[in-house]
Amino acid sequence: MLELYDGSLDVPKILKEWYEAEATSNYGAYIPFVGTVRSEDGIDGLSFDIYEPILNSWFDAWQEKAKAKGAIIKMAHSRGDVMLHESSYIAAVFSPKRRVALEFIDEFVEDFKASAPIWKYDLLDGKRVYAADRSTPIKGSGLLAKEN
Amino acid sequence: MLELYDGSLDVPKILKEWYEAEATSNYGAYIPFVGTVRSEDGIDGLSFDIYEPILNSWFDAWQEKAKAKGAIIKMAHSRGDVMLHESSYIAAVFSPKRRVALEFIDEFVEDFKASAPIWKYDLLDGKRVYAADRSTPIKGSGLLAKEN
Amino acid sequence: MVRVEFLGPIQKPSLELEIQNLNELAAVLQEDAELSEWLKNCAVAVNDTLVSSLEAPLKDGDKISLLPPVCGG
Amino acid sequence: MVRVEFLGPIQKPSLELEIQNLNELAAVLQEDAELSEWLKNCAVAVNDTLVSSLEAPLKDGDKISLLPPVCGG
Numbered sequence: 004m005l006e007l008y009d010g011s012l013d014v015p016k017i018l019k020e021w022y023e024a025e026a027t028s029n030y031g032a033y034i035p036f037v038g039t040v041r042s043e044d045g046i047d048g049l050s051f052d053i054y055e056p057i058l059n060s061w062f063d064a065w066q067e068k069a070k071a072k073g074a075i076i077k078m079a080h081s082r083g084d085v086m087l088h089e090s091s092y093i094a095a096v097f098s099p100k101r102r103v104a105l106e107f108i109d110e111f112v113e114d115f116k117a118s119a120p121i122w123k124y125d126l127l128d129g130k131r132v133y134a135a136d137r138s139t140p141i142k143g144s145g146l147l148a149k150e151n
Numbered sequence: 004m005l006e007l008y009d010g011s012l013d014v015p016k017i018l019k020e021w022y023e024a025e026a027t028s029n030y031g032a033y034i035p036f037v038g039t040v041r042s043e044d045g046i047d048g049l050s051f052d053i054y055e056p057i058l059n060s061w062f063d064a065w066q067e068k069a070k071a072k073g074a075i076i077k078m079a080h081s082r083g084d085v086m087l088h089e090s091s092y093i094a095a096v097f098s099p100k101r102r103v104a105l106e107f108i109d110e111f112v113e114d115f116k117a118s119a120p121i122w123k124y125d126l127l128d129g130k131r132v133y134a135a136d137r138s139t140p141i142k143g144s145g146l147l148a149k150e151n
Numbered sequence: 636m637v638r639v640e641f642l643g644p645i646q647k648p649s650l651e652l653e654i655q656n657l658n659e660l661a662a663v664l665q666e667d668a669e670l671s672e673w674l675k676n677c678a679v680a681v682n683d684t685l686v687s688s689l690e691a692p693l694k695d696g697d698k699i700s701l702l703p704p705v706c707g708g
Numbered sequence: 636m637v638r639v640e641f642l643g644p645i646q647k648p649s650l651e652l653e654i655q656n657l658n659e660l661a662a663v664l665q666e667d668a669e670l671s672e673w674l675k676n677c678a679v680a681v682n683d684t685l686v687s688s689l690e691a692p693l694k695d696g697d698k699i700s701l702l703p704p705v706c707g708g
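Chains as they are written, first to last, in this note's numbering: chain D, 4 to 151; chain Z, 4 to 151; chain W, 636 to 708; chain S, 636 to 708.
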């Protein structure tokens, strides 16, 4: 399940809904990862653009991987502005046993950072500034550039 | 923070309390691990004994380790009976950045399983049966046994 | 006719182009000085599937997307 | 006099013993047939600190705990 929200996430509500939705699915481990906007470099917050078609297919491929190990993944992300100390991202793995969940949440979050088609901007003095220095080119980037 | 409860854990409430307690602490990552009783081998539930003095010192040592990396740990565990599909364990790491939290939650949960002075029993036909086959001798065990 | 979209921070309107493959797209886009820095770091999707080669033929109505470096979370 | 406690699933009442060190404790407990299987897998704490050697001297009032294999979570 992939949920996109305008603005910040209601973390307690989402964590509760996901927990209750799987209450009788017989998963022994539930590991959410919650990402929250930190105060640094004088920003007022962050802002996000999402390209949904590719985000959906990327997520579906991970859901298949999880399924092959008897696990499931859920994810929520913000669109638009998220202010300091608000949260913009939750990913969670449910699995029968702990090792699968502990390994999966790590792999999933790292690939999310490297591959999910989401663009981050700093909110600085009322402006939206692309976070170029913290962004990662998607694998295979540069295809259209001049060879030299 | 280490919290012990009689019976099962109110997971949504605890996850919410912990999230809100650190809302302005400027941690970028919050990773809870939730352990839930699975239906297997015909059990009705699990039951736990805890030896608090050593659990506390074990936990304090981990809190120091976390602090050295700018992180904090919280943990909740049940005493006594916890029935099928109820939860008995939550551990959580808060840290400024994600790598520390992802690595710490894994190391912490694994050491918890190997070292925390908690004993598990299956609830089977109204009896409390020590889960000997899933239990791990604490490092250094066997000190008092006959050498042979 | 194919449509080329620039995603995220590349502030550029879509293009409609008469091209047969991605090699031709590369040639067109490389002439845009503004885009040359982006091209080095952009991934390319055809009809919302990422591609790793310039050779695949394009057909009328295809949608091409340029994806600059990402940072979710 | 030291007190010896058996934790968790070892269903055995505490003992009060006049011993000077853990070597003496080992000798006493090894004579209890019921305990011999537990001893192979038990960790030992003196005053709630786990110990890794039998040599440390015991003093009057010390509390010794035997911890069988654990399984929290």
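Mixed in with the good hints there might be a few duds.
Unchecked claim - Sample of chain S residues at the chain Z side, in silico, Cβ under 10 Å:
1) Pro648
2) Gln655
3) Leu664
4) Ser671
5) Val679
6) Ala680
7) Asp683
8) Gly696
9) Leu701
10) Leu702
It is worth saying that the hints were derived from the structure and are not from the lab. Computed from a prediction, not measured in an experiment: that's the story for all the values here. Virtual Cβ for every residue (Gly too), placed ideally from N, Cα, C.
Right, here's what the structure says about each hint:
1. Pro648: At about 16 Å, which exceeds the 10 Å cut-off, the nearest Cβ of chain Z leaves the hint on Pro648(S) violated.
2. Gln655: violated, 15 Å
3. Leu664: holds, 6 Å
4. Ser671: Holds: closest Cβ of chain Z sits about 7 Å from Ser671(S), inside 10 Å.
5. Val679: holds, 5 Å
6. Ala680: holds, 6 Å
7. Asp683: With a closest approach of 4 Å, the Asp683(S) hint holds.
8. Gly696: The hint is violated - Gly696(S) has no Cβ within 10 Å of chain Z, the shortest such distance being about 15 Å.
9. Leu701: Hint on Leu701(S): holds, closest Cβ of chain Z at ~7 Å, below 10 Å.
10. Leu702: holds, 6 Å
Checked against the numbered hints given earlier, the structure breaks hints 1, 2, 8 and satisfies all the rest.
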